[in-house]
Amino acid sequence: MTSPVSHTESVNRSRAVEQLVIGQATSDGAGVTLTRVLTQPLQQRLDPFLMLDAFGSDDPDDYIAGFPDHPHRGFETVTYMVAGRLLHRDSAGHEGLIETGGVQWMTAGRGLIHAEIPQQRDGRMEGFQLWLNLPARDKMRAPWYRNFTAPELPSLLTEDRARVTVIAGVSRAVTGAVTRETTAPLFLDLHLPAGARFAQALPPEHNAFVYVYRGQIEIAGQSVPAQRMAILANDPVADGVVVEASVDARVLLIAGRPLREPIAQYGPFVMTTAEEIRQAVRDFNAGRLA
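Quick note, the working numbering runs 539 ahead of the 1-based positions in the sequence shown.
Keep in mind that the hints are not guaranteed to be accurate.
To be verified - Cβ pair distances, simulated, as ranges:
no.	residue 1	residue 2	range
1	Gln558	Glu698	24 to 34 Å
2	Gly826	Gly760	51 to 61 Å
3	Ile656	Glu691	30 to 40 Å
4	Arg827	Thr718	29 to 39 Å
5	Thr812	Val786	30 to 40 Å
To be clear, the hints were calculated from the coordinates, so they are not data collected in a lab.
Glycine is no exception: its CB is placed at the ideal position from the N, C-alpha and C atoms.
Build the full structure now, drawing on both the sequences and the hints.
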């Protein structure tokens, strides 16, 4: 449900664009074609975020095999479907169908095995998967899962006719579907008509980035074209970010409080030490994941 037109958010100084990133074409699961936007070398810079994958195709051969059973431990996944239908099943007994505009939020915690299988044989499949790190003290917590349909996601309409879906965090007094105290993630999907301007307050110490998946935007005079991620500079005197669109645009705005903890990753396992990774592999091989 969309909230009434919101009041203007006050941002006195916008963050600037520190770097533009071009995603890396790759494949995952059973050969699903996708673009890895946030890659492993950027994990420390964009802590607490570990990965962002963008997938989108009208060709079923690019996505039909999906992501068969695979394990995770030590972090959370957020899957946002722009178009299409994806079925989730996991070893903790969770099951849910993610449809157009919906979100799946999964906390792997101490571990589970899950599968994500497309529920269509034609048409467009498009979406994103974000990996959010867990603090060391929570990495072995019990798995958790929640599926949100598009109508269940809070949203708002700005004075510039921008429509904002608040997946996580808080924007203009609208609280998102999920909040997390430690990492305080903000995850917004911005639908900006030509001429719109959107301002979002951000704590200076939070790491933040945007990903443009339709059109083009400007941030502090820097143009950001489609299929580019803009890492936003951590400026102690900037109190947020201002996004301006001269053409219709769709943009993900993501930010969060860094954990500043070691990151040890081996494929689908993300822990804080190499020994914890070895234990995760042993537990998986012995069938001890949930």
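These are the hints, each one checked on the structure:
no.: 1; hint: Gln558 <-> Glu698: 24 to 34 Å; result: 31 Å, holds
no.: 2; hint: Gly826 <-> Gly760: 51 to 61 Å; result: 55 Å, holds
no.: 3; hint: Ile656 <-> Glu691: 30 to 40 Å; result: 22 Å, violated
no.: 4; hint: Arg827 <-> Thr718: 29 to 39 Å; result: 31 Å, holds
no.: 5; hint: Thr812 <-> Val786: 30 to 40 Å; result: 47 Å, violated
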